[in-house]
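Chemist: These are the residues of each chain, in order.
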Amino acid sequence: MSVSFALSLPDATTLVPPFASTAISAGALSGAANARAVEQEQSRREDEELVARSQQGDAGAFDSLIVKYSPRLYALVYNMTSNHDDTNDLLQDVWAKAYRCIRGFRGKSQFYTWVHSIAANTTLNFLKKRGRRWTMSLDDVDNGIANDKEFVELQTNCTPVRETDLAELQKRLNEAMMKLTPEHRAVVTMFDVQGMPHADIAKILGISEGTVRSRLFYAHKQLQAWLSEFAPIPAQ
Amino acid sequence: MEDPKPQLSETQLQALLRLKRHEQPPPGYFDDLLKNVHRRQREEMLRRPAWRIFAGRVRAFFASLDWNYAATMGAILLIGIAAIRLAMPTTPGKGALGKTLPEAVASGPADQPAAPGMPGMLVSASDNLPGAPLLNLDPASNEEAMRQMLNGTDNPSSDRASDRAMRQMNTLRIPGKTGPAPTRFVIESQPASYEPAQIRF
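Chains as they are written, first to last, in the numbering used here: chain W, 1 to 236; chain V, 237 to 437.
Isolated chain W (complex conformation):
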């Protein structure tokens, strides 16, 4: 089943980016930032405890880490491969590697960064081996997109540009993403899809923040050209 909708994109003033909402006051923003920092600290401590228990051979603790991080790793790997079966195989590889190496994890970085770097490197190696052979799997789209706040906003705010459906949109987006080099795709996935900060992406990929910004800039330029059909028609 495909959900039809009129895709239109609002201009920059009506579109609300996740980390820079103008509608939120400075006080509320700092409160939200504090809450987020506290949450991150709590998560980090929880990870440290689970990692320590895993290193002592507690299989249940390692299972908790799998349950906690698999959705994020799935998003990372899936958006880099655009194939569900490949993602499934790669995720199993990633967790098998993490299990083998967990005793060697010294806690110099966060577990979140460490496991994401395993996933990113495993996927990049896989993509290099696979070369240009690529098949897209479109069977597993979650139609939750239809209820997405931003998506609803997109539908209602502006002039319709192009009639399309969800599967078509997903196909176009994935095709554009797959035209990028794997390194650029990894950066776009982590920054634009997963909302990671530049510093974390740099740690995960083992590159400088400047390189991350540079890759993002060039990837965005290419995507803007390839997805120009979704651009709003300028007012007459």
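These are computed hints drawn from the structure, not numbers from a lab. From a predicted model like this one, the values you see are computed outputs, not experimental measurements. Ideal Cβ placement from N, Cα and C applies to all residues, glycine included. One thing to keep in mind: the hints can contain errors.
[To be verified] Far from chain W, by Cβ distances over 10 Å, these chain V residues were calculated:
1. P261
2. L269
3. L301
4. P325
[Unchecked claim] Just the calculated beta-carbon pair ranges, DEER-fashion:
5. W/E48 / V/D302: 15 to 25 Å
6. W/K128 / V/G264: 26 to 36 Å
7. V/E246 / W/Q42: 44 to 54 Å
Given chain W's structure and the hints, the job is docking chain V onto it.
Modeler: Same frame as chain W, but now just chain V:
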């Protein structure tokens, strides 16, 4: 003149890419993933070589060891060994079996009589005078034999010094005795006189 093709702004592109967050696996996928990871872990454990499993167990043992307790037990063990060693009498001439050499010999010959020419043969206690050394070699009587052995002139066809030494041992004479050499005994192929005088750890 044709208008230039409109392009997405940076913000619009980011909004479009954020829609990809909704691409999720089918329900129950993550439960299956956990099961698959468990299955994979078991398979990998079965594929490991035996030495690796052993090394892992040794590492796990030492990792779980209480080092204070182990150090205490080790110290107690060492003190115990030292105490036993100090408490043991160290009588000269006593062998490992707690007998003097003449006692050991007098108690009877070894199961197997000594083969002729074996080194380190032992004379019978009855033939020995009290206080006299068991193997009182007469250097003068063997001088010629020794010279032959060193010069290699005794038997040109034989080039093994050990063989020659064995033959020399057969010519040894016991002081105060004439005639053929007396019966010789060997305790477990080792000369009794070479046995350690005390227990060594």
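Chemist: All the hints need checking, so say for each whether the structure fits it.
Modeler: Status of the hints after comparison with the structure:
The claim that V/P261 is not at the interface with chain W is violated, since a C-beta of that chain comes within 10 Å of its own (minimum 6 Å). The Cβ of V/L269 sits about 6 Å from the closest Cβ of chain W, inside the 10 Å cut-off, so the non-interface label is violated. Against chain W, the non-interface label of V/L301 holds: every CB pair exceeds 10 Å, the least being about 13 Å. At roughly 51 Å from the closest C-beta of chain W, the C-beta of V/P325 stays outside 10 Å, upholding its exclusion from the interface.
Range check, W/E48 to V/D302: Cβ separation about 24 Å, and the 15 to 25 Å hint holds. Hint check: W/K128 to V/G264, Cβ distance near 32 Å, so the stated range 26 to 36 Å holds. Distance hint check for V/E246 and W/Q42: the Cβ-Cβ separation is about 33 Å, which falls outside the suggested range of 44 to 54 Å.
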